[in-house]
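Asker: Chains V and Y supply the protein sequences, listed in that same order. Under my numbering, residue 251 is the last one in the first sequence; the count climbs by one each step, no gaps. Under my numbering, residue 357 is the last one in the second sequence; the count climbs by one each step, no gaps.
Keep in mind that a hint or two might mislead.
Computed cross-link-like contacts, DSBU-like style, restricted to lysine-lysine with a CA-CA straight-line distance of at most 35 Å [to be verified]:
id: 1; chain 1: Y; residue 1: K187; chain 2: V; residue 2: K7
id: 2; chain 1: Y; residue 1: K273; chain 2: Y; residue 2: K229
id: 3; chain 1: V; residue 1: K7; chain 2: V; residue 2: K182
id: 4; chain 1: V; residue 1: K189; chain 2: V; residue 2: K7
id: 5; chain 1: V; residue 1: K3; chain 2: Y; residue 2: K273
id: 6; chain 1: V; residue 1: K3; chain 2: V; residue 2: K189
id: 7; chain 1: V; residue 1: K159; chain 2: Y; residue 2: K273
id: 8; chain 1: V; residue 1: K159; chain 2: V; residue 2: K3
id: 9; chain 1: V; residue 1: K159; chain 2: V; residue 2: K189
id: 10; chain 1: Y; residue 1: K273; chain 2: Y; residue 2: K207
id: 11; chain 1: Y; residue 1: K212; chain 2: Y; residue 2: K273
id: 12; chain 1: Y; residue 1: K273; chain 2: Y; residue 2: K159
id: 13; chain 1: Y; residue 1: K212; chain 2: Y; residue 2: K7
id: 14; chain 1: Y; residue 1: K336; chain 2: Y; residue 2: K187
id: 15; chain 1: Y; residue 1: K229; chain 2: V; residue 2: K185
id: 16; chain 1: Y; residue 1: K126; chain 2: V; residue 2: K189
id: 17; chain 1: Y; residue 1: K212; chain 2: Y; residue 2: K3
id: 18; chain 1: V; residue 1: K189; chain 2: Y; residue 2: K41
id: 19; chain 1: Y; residue 1: K159; chain 2: Y; residue 2: K3
id: 20; chain 1: Y; residue 1: K41; chain 2: Y; residue 2: K3
id: 21; chain 1: V; residue 1: K182; chain 2: V; residue 2: K3
id: 22; chain 1: Y; residue 1: K159; chain 2: V; residue 2: K7
id: 23; chain 1: Y; residue 1: K3; chain 2: Y; residue 2: K187
id: 24; chain 1: V; residue 1: K180; chain 2: Y; residue 2: K229
id: 25; chain 1: Y; residue 1: K41; chain 2: V; residue 2: K185
id: 26; chain 1: Y; residue 1: K336; chain 2: Y; residue 2: K3
Reference excerpt, derived from the structure (chain V facing chain Y, CB under 8 Å, subset only) [to be verified]:
id: 27; residue: D13
id: 28; residue: D63
id: 29; residue: Q65
id: 30; residue: A67
id: 31; residue: I79
id: 32; residue: R81
id: 33; residue: H107
id: 34; residue: L238
id: 35; residue: G239
id: 36; residue: D240
id: 37; residue: S246
To be clear, the hints were calculated from the coordinates, so they are not data collected in a lab. Just so it is clear, CB atoms sit at the ideal spot from N, CA and C, and this is done for glycine as well.
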Amino acid sequence: MGKTFAKPEALSDQHTHYCPGCTHGVIHRLIAEVIDEMGIRGRTVGIAPVGCSVLAYNYFDCDFQEAAHGRAPAMATGIKRVRPDLMVFTYQGDGDLASIGMGEIVHAANRGEKFTAIFVNNAIYGMTGGQMAPTTMPQQRTTTSPAGRDVADVGMPIKVAELLAALQTPAYITRQTVIKPKYIKRAKKAIARAFAYQAAHRCFSLVEVVSNCPTNWGMTPLDSIGWVEDQLLAYYPLGDKKTPESDEEVS
Amino acid sequence: MAKVLMKGNEAIGEAAIRAGCLNYFAYPITPQSEVAEYLAKRMPEVDGVFLQGESEVAVGYMIFGAAACGARVFTTSSSPGISLMSEALSYITCAQCPAVFVNIMRGGPGLGGILPSQGDYFQATKGGGHGDYRLFVMAPDSVQEAVEMVMEAFPLAEKYRNPVMILGDGLTGQMMEPVEFPDNLQKAPTNKDDWATNGMDTRGSDKRNLVKSLFLDPTALNAHNLLLKEKYARMQREDVRYEAYNTDGDYQALIVSYGTMSRVCRTAIDNLKADGVEVAMIRPQTLFPFPIDAIRQAVGREHCRLAISIEMSMGQMVEDVERSVQGRCPVEWYGKCGGEVPTPEEIMDVVRERLAG
Numbered sequence: 001m002g003k004t005f006a007k008p009e010a011l012s013d014q015h016t017h018y019c020p021g022c023t024h025g026v027i028h029r030l031i032a033e034v035i036d037e038m039g040i041r042g043r044t045v046g047i048a049p050v051g052c053s054v055l056a057y058n059y060f061d062c063d064f065q066e067a068a069h070g071r072a073p074a075m076a077t078g079i080k081r082v083r084p085d086l087m088v089f090t091y092q093g094d095g096d097l098a099s100i101g102m103g104e105i106v107h108a109a110n111r112g113e114k115f116t117a118i119f120v121n122n123a124i125y126g127m128t129g130g131q132m133a134p135t136t137m138p139q140q141r142t143t144t145s146p147a148g149r150d151v152a153d154v155g156m157p158i159k160v161a162e163l164l165a166a167l168q169t170p171a172y173i174t175r176q177t178v179i180k181p182k183y184i185k186r187a188k189k190a191i192a193r194a195f196a197y198q199a200a201h202r203c204f205s206l207v208e209v210v211s212n213c214p215t216n217w218g219m220t221p222l223d224s225i226g227w228v229e230d231q232l233l234a235y236y237p238l239g240d241k242k243t244p245e246s247d248e249e250v251s
Numbered sequence: 001m002a003k004v005l006m007k008g009n010e011a012i013g014e015a016a017i018r019a020g021c022l023n024y025f026a027y028p029i030t031p032q033s034e035v036a037e038y039l040a041k042r043m044p045e046v047d048g049v050f051l052q053g054e055s056e057v058a059v060g061y062m063i064f065g066a067a068a069c070g071a072r073v074f075t076t077s078s079s080p081g082i083s084l085m086s087e088a089l090s091y092i093t094c095a096q097c098p099a100v101f102v103n104i105m106r107g108g109p110g111l112g113g114i115l116p117s118q119g120d121y122f123q124a125t126k127g128g129g130h131g132d133y134r135l136f137v138m139a140p141d142s143v144q145e146a147v148e149m150v151m152e153a154f155p156l157a158e159k160y161r162n163p164v165m166i167l168g169d170g171l172t173g174q175m176m177e178p179v180e181f182p183d184n185l186q187k188a189p190t191n192k193d194d195w196a197t198n199g200m201d202t203r204g205s206d207k208r209n210l211v212k213s214l215f216l217d218p219t220a221l222n223a224h225n226l227l228l229k230e231k232y233a234r235m236q237r238e239d240v241r242y243e244a245y246n247t248d249g250d251y252q253a254l255i256v257s258y259g260t261m262s263r264v265c266r267t268a269i270d271n272l273k274a275d276g277v278e279v280a281m282i283r284p285q286t287l288f289p290f291p292i293d294a295i296r297q298a299v300g301r302e303h304c305r306l307a308i309s310i311e312m313s314m315g316q317m318v319e320d321v322e323r324s325v326q327g328r329c330p331v332e333w334y335g336k337c338g339g340e341v342p343t344p345e346e347i348m349d350v351v352r353e354r355l356a357g
């Protein structure tokens with residue numbers, strides 16, 4: 001009998017530095033499985049962000065670039081414009097993509113750049129030690145909102161998938177999570193679909209993955225999963241926000 | 001090839017294409033927007049890439065992404081735009097990717113003005129972005145030389161795996177002059193398979209490439225900076241360029257001036273000569289690496305008793321002139337900025353006064 005479960009080729013042998021209970025590892029694996037299944041490892045370029053996943057380039061075994069904070073979509077644009085045959089994905093957190101890199105992601109999506117953004121939203125800055133993010137929930141305590149996020153002072157959390165779906169350019173925009181096996185299967189399908197649109201030179205694609213941060217939320221991994229399900233998913237509903245097919249029907 | 005009359009900005013765009021660079025990303029800014037307008041029409045004719053980015057910040061990283069996957073790529077901007085690209089320049093230099101940045105300088109600081117200036121000398125030659133890095137900086141004094149420098153910039157960027165900056169000013173960009181596009185400056189791109197993230201299949205390799213600027217281990221970061229430092233030292237050894245003007249005579253003063261300003265100085269030197277006053281000039285064509293030895297030797301001549309740095313800025317290059325002269329004679333500065341260009345008469349008066357003083 002052959003192997004029934006193996007490490008994807010697109011993942012390296014390195015141990016990750018991620019905290020216990022964090023879902024970055026699961027998301028990395030799903031991307032790597034999709035790369036393997038599509039047979040595109042030899043023409044894939046990943047772009048690592050600044051944030052917890054800055055070292056993502058150590059965990060994938062394909063060509064990789066490392067961006068400045070928030071600039072991965074601009075680098076992806078540069079690659080895809082000069083080498084449309086390469087498969088390009090950015091891997092970005094919520095501080096990177098939704099705060100400092102909001103301009104880059106909005107314009108890349110609006111130009112319809114044919115790359116895939118994997119956007120990991122855990123409602124907090126992880127690597128710098130738990131500061132408030134644009135995605136932090138109302139009343140959520142962080143090191144820079146010690147009394148809880150005051151929405152009268154700093155506004156409501158940004159729903160990135162919905163914001164990008166409001167652009168008029170055709171795109172595949174979806175929100176997923178990987179906190180339980182049933183969600184993991186759906187998330188993988190969404191990542192595969194995003195990569196398939198890119199392979200067909202069809203449209204920009206973004207998969208938002210609602211995630212956890214047990215370390216900076218001050219919770220056990222199990223409690224953090226409960227908080228994602230009860231709090232985050234109530235505010236950040238899962239599902240496809242936009243597909244190129246739906247755009248075509250409208251037009 | 002026959003000479004054609006072209007505006008500097010358009011000639012710069014055409015020169016890049018002749019140099020085999022078919023990838024251009026930019027954001028409009030006066031006084032260099034004609035490069036983008038020219039290439040918006042021209043790039044599609046040669047199956048090239050033209051993209052207007054959403055900001056200079058983004059454009060800097062489009063250049064980084066494209067350069068990191070092995071493409072010849074360039075951008076053009078002007079002073080405030082270069083400030084915004086300086087973050088990317090720091091990353092690109094650390095990651096050792098070849099790319100060409102053209103700065104058609106305007107007056108600063110701040111929003112400044114839109115007229116010619118040389119106020120970005122420090123930014124271009126000493127940094128601008130963070131960390132220990134250097135750009136290879138070339139300064140043309142005419143549209144013809146701008147064309148030649150743009151064409152040479154790509155092979156130089158590839159030789160050093162470092163960004164090259166062409167530092168022109170608003171006059172270089174806006175004036176029309178006859179130009180010729182030399183065939184002998186067309187160099188094929190170097191093979192970048194050993195480092196570029198161009199896809200493993202492209203280079204037929206099982207080993208992935210990684211382009212990054214993060215070195216968390218202090219020993220590794222120190223070692224990387226030493227490697228970069230050696231590269232800058234090699235630029236100083238192998239690729240210093242300058243023009244020596246009227247250095248055969250028995251001159252009393254040496255002018256150091258570059259770009260548009262040096263053309264005015266040349267007229268002043270000719271006029272002074274007619275009046276019996278001999279003045280020489282070293283015109284740096286590379287601002288980094290700086291022609292340190294040429295200036296030191298030029299002021300070492302028997303009757304030379306003064307060096308004057310003449311700039312369209314408030315005294316920036318003068319610091320490099322001082323460290324070149326190394327105390328052999330007094331070093332003075334004269335200049336104007338904001339779009340004001342000293343006239344030949346002003347320069348003649350300054351030289352006479354300082355020599356008398």
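Asker: Take the hints in turn and mark each one as holding or not.
Answerer: Status of each hint after checking the structure:
1. K187(Y) with K7(V): violated, 45 Å
2. K273(Y) with K229(Y): Distance of about 42 Å is beyond 35 Å: violated.
3. K7(V) with K182(V): Within the cut-off at roughly 20 Å; holds.
4. K189(V) with K7(V): Since the Cα atoms of K189(V) and K7(V) sit roughly 18 Å apart, the hinted pair holds (cutoff 35 Å).
5. K3(V) with K273(Y): violated, 88 Å
6. K3(V) with K189(V): Distance of about 23 Å is within 35 Å: holds.
7. K159(V) with K273(Y): violated, 72 Å
8. K159(V) with K3(V): Judged against 35 Å, a Cα distance of about 41 Å means the pair is violated.
9. K159(V) with K189(V): holds, 22 Å
10. K273(Y) with K207(Y): Violated: K273(Y) and K207(Y) sit about 64 Å apart, past 35 Å.
11. K212(Y) with K273(Y): It is violated: about 54 Å lies between the C-alpha atoms, which goes past 35 Å.
12. K273(Y) with K159(Y): violated, 41 Å
13. K212(Y) with K7(Y): This hinted pair is violated, its Cα atoms lying about 38 Å apart.
14. K336(Y) with K187(Y): violated, 38 Å
15. K229(Y) with K185(V): Answer violated: K229(Y) to K185(V) is near 50 Å, above 35 Å.
16. K126(Y) with K189(V): violated, 50 Å
17. K212(Y) with K3(Y): This hinted pair is violated, its Cα atoms lying about 43 Å apart.
18. K189(V) with K41(Y): violated, 41 Å
19. K159(Y) with K3(Y): Roughly 30 Å separates the two Cα atoms, so the pair holds.
20. K41(Y) with K3(Y): Holds, at roughly 21 Å.
21. K182(V) with K3(V): Between K182(V) and K3(V) the Cα gap is close to 23 Å, so the pair holds against 35 Å.
22. K159(Y) with K7(V): violated, 40 Å
23. K3(Y) with K187(Y): holds, 21 Å
24. K180(V) with K229(Y): violated, 51 Å
25. K41(Y) with K185(V): violated, 47 Å
26. K336(Y) with K3(Y): holds, 33 Å
27. D13: violated, 13 Å
28. D63: The hint holds - D63(V) has a Cβ within 8 Å of chain Y, the shortest such distance being about 4 Å.
29. Q65: holds, 5 Å
30. A67: Status holds, d = 7 Å.
31. I79: It holds, given that the least Cβ distance between I79(V) and chain Y is near 5 Å, below 8 Å.
32. R81: holds, 5 Å
33. H107: With a minimum Cβ separation of about 4 Å from chain Y (threshold 8 Å), the hint on H107(V) holds.
34. L238: With a closest approach of 30 Å, the L238(V) hint is violated.
35. G239: This interface hint is violated because 29 Å lies over the 8 Å limit.
36. D240: Check failed: Cβ of D240(V) comes no nearer than 26 Å to chain Y, outside 8 Å.
37. S246: violated, 26 Å
In the structure shown, a violation is registered for the earlier hints numbered 1, 2, 5, 7, 8, 10, 11, 12, 13, 14, 15, 16, 17, 18, 22, 24, 25, 27, 34, 35, 36 and 37, in ascending order.
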